[in-house]
Structure formats: C-alpha cells, structure tokens
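Using the sequences provided together with the hints, build the complete structure.
If you use the numbering used here, the sequence shown corresponds to residues 1335 to 1677, in order.
Treat the hints loosely; a few may be bogus.
Below, simulated DSS-like cross-link-like pairs (lysine-lysine); rule was C-alpha separation at most 30 Å, straight line [stated by the list, open to error]: (1) 1643 / 1585; (2) 1629 / 1640; (3) 1643 / 1523; (4) 1402 / 1640; (5) 1523 / 1585; (6) 1424 / 1402; (7) 1424 / 1640; (8) 1643 / 1402; (9) 1424 / 1629; (10) 1533 / 1629; (11) 1585 / 1402; (12) 1643 / 1629; (13) 1643 / 1533; (14) 1402 / 1523; (15) 1533 / 1523; (16) 1585 / 1424; (17) 1585 / 1629; (18) 1424 / 1643.
Hints are computed from structural coordinates only; laboratory data are not their basis. This one's a predicted model, so the numbers in the text were calculated from it and none came from an experiment.
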Amino acid sequence: SSSRIMSSSSSIAEVLGSPQAVVGFGATTLILLATTFFFLRNNEGSSGGGESSSGSALDKVEELDTQKYPGGYLTIYYGSQTGTAQMFAKQIASESESRGFHTRVVDLQDVVDNEDQRAVTEIANLDANTNNIDVMNDDYGSLIRATLAHPHYREGGVAEGRSRAIFLVATYGEGEPTDNAQQFVEMMKTKSGIRDIYKLEDSSSVGGDEMAEEDGEEEKKNDFGSSNDDMVLDRSFLRDLDFAVFGLGNKQYEHYNNMSRFMDASMAKCGASRIAPLGLGDDDDDLEGDFENWKDNVLWPALTEKFMKGGAADALAAARKDNDGLELPECPYEVEYLTNGTS
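This is the structure:
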C-alpha cells in the first residue's frame, strides 16, 4: 500500500541522513529503493516455500496422496563436494512425480544434525516395542534411524512399513568421504563394524570393475563379504530400510568409488535390503552417461517393479508418453533486436 511505501521512504531517508540527499538520488531511484526496502521488511521472519534439506525441515511431513503417488515415499541422500551428487539427486527428484513417487532430498550432514525430536522419540518408541535395545541406547543410531527410518516416510505411511533411500555418494581424494558425509560415514562404520573402509567386498555393481586384493593376498570372507577382522555390531539396525546407491568417482585414483562401495556394503551389513545393484560413475570417462544409464535402466525399473501395484505403472507410463508430445503455449511477446541502441 501507499502508506507502507511512504513509511519505507521515510526509513530510507533516515538512512541517507537528510532530505537533500534523498532529492539528489532522484525520484525514480527513490521509488526503486523504497519498493525494495518494503519487500525486504515484508519478508523478514518468513520462510520460503519449496523443498529444503535442513535438519529443521525433516519433521515437516505431508499427507501422502496415494492417487498421485502410488509408489509411496522416496528419500534421496547425497554426499557431495562440488555439487554434482546434489545435482543428480535433484534430477531423480524432478522425475519422481511422473514415476509415481513422492520424494525429498536430504544432505547427509542433516542426518547427523537432525533436530526432529519428534521423529527421534517416535523411532525410539518403535524400537522399544521391537526390543531393539542396541538402538535405544545409542545416540548415533537414533539420529540415523530418525531420518533413514522416519516413521512417517514409510511404505503405506505406517510405522510397521519400510522406508526407501537412494544414496548418491561422491568419493573425495584418495577414497575419502566428502565433507558433508564424514560424520555419517563414521557413524556407519561404527554400526556396521567395518573398520577398514579400504578393504571392502566387491558387491554386484553396474559400471564397476572387479576390485583387486591388495598385495595379491586374498582375505577370508565371512557371510557378509568382509574380512574376519570386521565385526558387525548390529545386523538388524536398518532392517526396515530398502536402499540403492550410485557412486561418483574417478578411475585415475587408486580407491575408485570407495565411498559408494562402503555405503552399499555398510547398509547391507546393517540389515537393509538392496533395491538395485550398486551403480558406479567414472568422471574420467562419462560420469553423466553412467548416471543416466543407471537411473533409467536400473533404478527406475527396479523401483517400479518393487513398489508400483496393479496397473499404476502402466497408467503413469502412458501419461509420460502423452506428455512427451505436448507443445509449449504460444508466447504473446515478440523479440526485436536493436542496432546501436535504436530499433
């Protein structure tokens, strides 16, 4: 309103110091400054819309529209150093609605910094009912489960259901986690009992090579595929989680895609069920192509087969096919090029 803009103008005048200074700025500049100041003040203290992966946003649970999202909830976690894994996560999220899934994208650091006390309490109560004492007495375990096994992001939206998680994990340096994934990796090392992240089983993967044993020596493997020096501390820790992992790495480095291999192995050791084979992307060759191949030919088919019931998948596929031919609406504007500042 005009009164609020006048109030903003007065505030600007106070900042500038004198009416003469205001006049010097000119009427047009004053109006622009006043309008900007008005919107800034009007937006103070208000939060923007859209998805967020901050810890405080994890407790904002929407009621699932099962007609629109017959596949249910899907959470995408990323460990990224330069932003590529985050970009891939958002790409999956952007495609999820047309595939029938309701997604949220979460920074792995936010799993550690989880401030959703309601979820922590509810998952603790759920674990108490299942006599999962190890998790109840473990602060780290509670933080991980409060996000990965969030009671409200489960199949059917019920506490007895299962959660789904997609991990997009980059390997940084010589086989190390990215900055935002370091604490999460340390927690999973503790829960899975993997003491040496550089000695991992070669799980079935897409785009990966066989991992050679160091120094040509073969280690004896237990039923979980790790060396006998490792001790799984909690084999039921993530018993109610379905997961898939895609890794971002570079074959020029010795420990190629080490973090994605660790994530895949540690999840399975803690009782989680693998949705799709581990996907490996090589930045030295065609990282984007590796990701697109895994996403389109491995991940989505696996998710559709496992979680889409009845004819929902066929109906969504037909809708996507119809939408491929949609044309953009007519633009009411014309473009006129200027030469030397004149038309």
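Verification of the supplied hints:
1. 1643 / 1585: This hinted pair is violated, its Cα atoms lying about 39 Å apart.
2. 1629 / 1640: Between residue 1629 and residue 1640 the Cα gap is close to 15 Å, so the pair holds against 30 Å.
3. 1643 / 1523: violated, 36 Å
4. 1402 / 1640: The hint holds at about 17 Å.
5. 1523 / 1585: holds, 24 Å
6. 1424 / 1402: holds, 19 Å
7. 1424 / 1640: holds, 22 Å
8. 1643 / 1402: holds, 13 Å
9. 1424 / 1629: Cα-Cα ~12 Å, so holds.
10. 1533 / 1629: holds, 27 Å
11. 1585 / 1402: violated, 41 Å
12. 1643 / 1629: Roughly 20 Å between the alpha carbons, so the hint for residue 1643 and residue 1629 holds.
13. 1643 / 1533: Roughly 39 Å between the alpha carbons, so the hint for residue 1643 and residue 1533 is violated.
14. 1402 / 1523: Status violated; Cα separation ~38 Å.
15. 1533 / 1523: Cα-Cα ~12 Å, so holds.
16. 1585 / 1424: holds, 25 Å
17. 1585 / 1629: Since the Cα atoms of residue 1585 and residue 1629 sit roughly 21 Å apart, the hinted pair holds (cutoff 30 Å).
18. 1424 / 1643: holds, 25 Å
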